[in-house]
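According to numbering that gives the first Met the number 0, the sequence shown is numbered sequentially starting from 0.
Fair warning: there could be bad hints in the mix.
[Unchecked claim] List of simulated lysine-lysine pairs, BS3-like, C-alpha gap at most 27 angstroms:
| id | residue 1 | residue 2 |
| --- | --- | --- |
| 1 | K27 | K95 |
| 2 | K31 | K118 |
| 3 | K31 | K76 |
| 4 | K95 | K65 |
| 5 | K77 | K17 |
| 6 | K24 | K77 |
| 7 | K95 | K24 |
| 8 | K95 | K76 |
Treat the hints as calculated values from the structure; they're not laboratory data. Note that this is a predicted model, so its numbers are computed, not measured.
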Amino acid sequence: MLCISLNARLHIPHVSTKESVELIKLFKSKNKLISSEVSPHHLYFCDDDILDLIPNLKVGPPIRSKNDRKKLIDGIKKGTIDCIATDHAPHTMEDKETTFNDAEFGMIGLESCLGVVKKGFSQRKWHESKIVD
Numbered sequence: 000m001l002c003i004s005l006n007a008r009l010h011i012p013h014v015s016t017k018e019s020v021e022l023i024k025l026f027k028s029k030n031k032l033i034s035s036e037v038s039p040h041h042l043y044f045c046d047d048d049i050l051d052l053i054p055n056l057k058v059g060p061p062i063r064s065k066n067d068r069k070k071l072i073d074g075i076k077k078g079t080i081d082c083i084a085t086d087h088a089p090h091t092m093e094d095k096e097t098t099f100n101d102a103e104f105g106m107i108g109l110e111s112c113l114g115v116v117k118k119g120f121s122q123r124k125w126h127e128s129k130i131v132d
């Protein structure tokens with residue numbers, strides 16, 4: 000990876016799979032200038048939640064498995080993933096009030112981000128001060 004050989008900064012957004020977390024952990028062991036982020040919806044939802052094909056859960060990258068979600072949470076806990084970012088992608092009601100297949104990709108994130116993160120932290124008995132670390 001070029002950033003490792005150049006000792007350059009790299010930020011990896013939208014982490015959503017357990018494999019990505021493992022690769023980031025490996026890369027960070029070779030270059031401390033690598034950072035990454037995950038969205039609240041990837042920490043909170045899993046593919047079981049989209050079985051009803053709710054258009055608001057059509058996002059890119061897609062919502063993943065429970066195992067992926069567990070690894071993302073572990074990545075936040077252990078510092079492999081550096082931050083939680085909203086990936087705020089606003090759409091009109093018409094863009095989302097349609098079938099799952101016809102809906103636009105994206106989720107409105109600003110107004111729900113803090114609540115989702117606080118609930119996740121509370122469920123895992125993490126202190127809220129960690130939210131702003």
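Evaluation of the provided hints:
no. : hint       : result
1   : K27 x K95  : 38 angstroms, violated
2   : K31 x K118 : 30 angstroms, violated
3   : K31 x K76  : 17 angstroms, holds
4   : K95 x K65  : 25 angstroms, holds
5   : K77 x K17  : 14 angstroms, holds
6   : K24 x K77  : 10 angstroms, holds
7   : K95 x K24  : 35 angstroms, violated
8   : K95 x K76  : 33 angstroms, violated
The structure fails to meet hints 1, 2, 7, 8 from the earlier list, while all remaining hints are met.
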